[in-house]
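Once you've looked at the hints, dock chain B against the given chain A.
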Amino acid sequence: NAGVTQTPKFRVLKTGQSMTLLCAQDMNHEYMYWYRQDPGMGLRLIHYSVGEGTTAKGEVPDGYNVSRLKKQNFLLGLESAAPSQTSVYFCASSYSQGGEKLFFGSGTQLSVL
Amino acid sequence: GENVEQHPSTLSVQEGDSAVIKCTYSDSASNYFPWYKQELGKGPQLIIDIRSNVGEKKDQRIAVTLNKTAKHFSLHITETQPEDSAVYFCAASKGNAGKSTFGDGTTLTVKP
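Heads up: the sequence lines are chains A and B, in that order.
For the first sequence, the residue numbers in our numbering are 1 to 113.
For the second sequence, the residue numbers in our numbering are 114 to 225.
Treat the hints with care, as some may be off.
Covered stretches of chain A, as calculated for chain B (at least 3 residues, CB under 8 Å) [to be verified]:
1. 81-87
2. 104-110
Derived pair list, reagent style PhoX-like, types lysine-lysine, alpha-carbon separation capped at 25 Å [said to hold, decoys possible]:
3. Lys101(A) - Lys170(B)
4. Lys171(B) - Lys224(B)
5. Lys184(B) - Lys135(B)
6. Lys212(B) - Lys135(B)
7. Lys101(A) - Lys70(A)
8. Lys101(A) - Lys57(A)
9. Lys150(B) - Lys181(B)
10. Lys212(B) - Lys170(B)
11. Lys212(B) - Lys57(A)
12. Lys9(A) - Lys170(B)
13. Lys184(B) - Lys171(B)
14. Lys70(A) - Lys57(A)
15. Lys212(B) - Lys150(B)
16. Lys101(A) - Lys184(B)
17. Lys155(B) - Lys212(B)
18. Lys224(B) - Lys101(A)
19. Lys101(A) - Lys171(B)
20. Lys181(B) - Lys135(B)
21. Lys71(A) - Lys155(B)
22. Lys70(A) - Lys212(B)
23. Lys135(B) - Lys170(B)
24. Lys155(B) - Lys9(A)
25. Lys212(B) - Lys71(A)
26. Lys101(A) - Lys14(A)
27. Lys101(A) - Lys71(A)
28. Lys150(B) - Lys224(B)
29. Lys155(B) - Lys101(A)
30. Lys57(A) - Lys71(A)
31. Lys181(B) - Lys171(B)
32. Lys101(A) - Lys150(B)
33. Lys224(B) - Lys9(A)
34. Lys184(B) - Lys155(B)
35. Lys150(B) - Lys9(A)
Hints listed in this document are in silico derivations from the structure and should not be mistaken for laboratory results.
The beta carbon of each residue, even a glycine, is placed where N, CA and C say it ideally should be.
Isolated chain A (complex conformation) (with noise of 0.2 Å):
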């Protein structure tokens, strides 16, 4: 059983270059959500779906799209990488309403330069 998988675990981009991460999970959960991790400022919540073509906007959605177009992957888009999207990149999925019991992918690491 392989959870909530992310790819890829790191990448470096240089700014104005593009990427998309994906996660995908086989536990058949309708909940994904993608947050960002900074030093000292805990999990912010970016984008998240409540199931399958649906997606809405988090707390720092500004400079990233995503797409939930089959149930198990949710895809995070950077059209235009800026040096302030640095960071380490969680996405996780939950079974139920009220982002109760989240389970989390092992992380991106980011660096945009």
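Leaving out everything else, chain B in the frame of chain A:
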């Protein structure tokens, strides 16, 4: 929106001692309060949670208490072991589509 404050930011204890981490929240409508443990290089993992209709919950060496009136909740770890060393996050949720608000984390170090 919800605001969660977590203290202390760092905590160092001797093996066998107890550790306590405290969180306060601002939105009285929040009703679910999980605690996550994050080991180095890994994603956070749920270790214990509590709902607003319960005052205390215990699971072996860890326990969580909730004071709804004061809007604060705490994590208690007894008989700490070196493997308890990690970053601990508290969170609060109102049940609306899973939008949990996290505290800034506490780095716990247990010295052998």
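Hints, one by one, checked against the model:
1. 81-87: violated (count 0)
2. 104-110: With 4 residues in contact (Cβ-Cβ under 8 Å with chain B), the coverage given for the segment 104-110 of chain A holds.
3. Lys101(A) - Lys170(B): 16 Å, holds
4. Lys171(B) - Lys224(B): Holds, at about 24 Å.
5. Lys184(B) - Lys135(B): Holds - the C-alpha atoms of Lys135(B) and Lys184(B) are around 11 Å apart, at most 25 Å.
6. Lys212(B) - Lys135(B): 21 Å, holds
7. Lys101(A) - Lys70(A): 22 Å, holds
8. Lys101(A) - Lys57(A): This hinted pair holds, its Cα atoms lying about 20 Å apart.
9. Lys150(B) - Lys181(B): Distance of about 23 Å is within 25 Å: holds.
10. Lys212(B) - Lys170(B): 23 Å, holds
11. Lys212(B) - Lys57(A): It holds: about 10 Å lies between the C-alpha atoms, which stays within 25 Å.
12. Lys9(A) - Lys170(B): 35 Å, violated
13. Lys184(B) - Lys171(B): With Cα atoms ~19 Å apart, Lys184(B) and Lys171(B) stay inside 25 Å; holds.
14. Lys70(A) - Lys57(A): 18 Å, holds
15. Lys212(B) - Lys150(B): 19 Å, holds
16. Lys101(A) - Lys184(B): Within the cut-off at roughly 21 Å; holds.
17. Lys155(B) - Lys212(B): Holds: Lys155(B) and Lys212(B) sit about 21 Å apart, inside 25 Å.
18. Lys224(B) - Lys101(A): 30 Å, violated
19. Lys101(A) - Lys171(B): OK: Lys101(A) and Lys171(B) at ~17 Å, within 25 Å.
20. Lys181(B) - Lys135(B): Distance of about 14 Å is within 25 Å: holds.
21. Lys71(A) - Lys155(B): 24 Å, holds
22. Lys70(A) - Lys212(B): Answer holds: Lys70(A) to Lys212(B) is near 21 Å, not above 25 Å.
23. Lys135(B) - Lys170(B): 15 Å, holds
24. Lys155(B) - Lys9(A): 11 Å, holds
25. Lys212(B) - Lys71(A): 19 Å, holds
26. Lys101(A) - Lys14(A): 35 Å, violated
27. Lys101(A) - Lys71(A): 18 Å, holds
28. Lys150(B) - Lys224(B): 18 Å, holds
29. Lys155(B) - Lys101(A): Distance of about 17 Å is within 25 Å: holds.
30. Lys57(A) - Lys71(A): 18 Å, holds
31. Lys181(B) - Lys171(B): 18 Å, holds
32. Lys101(A) - Lys150(B): This hinted pair holds, its Cα atoms lying about 12 Å apart.
33. Lys224(B) - Lys9(A): 30 Å, violated
34. Lys184(B) - Lys155(B): Cα-Cα ~30 Å, so violated.
35. Lys150(B) - Lys9(A): The given pair, whose Cα atoms are some 20 Å apart, holds under the 25 Å limit.
In terms of the numbered hints stated before, the structure departs from hints 1, 12, 18, 26, 33, 34, listed from lowest to highest.
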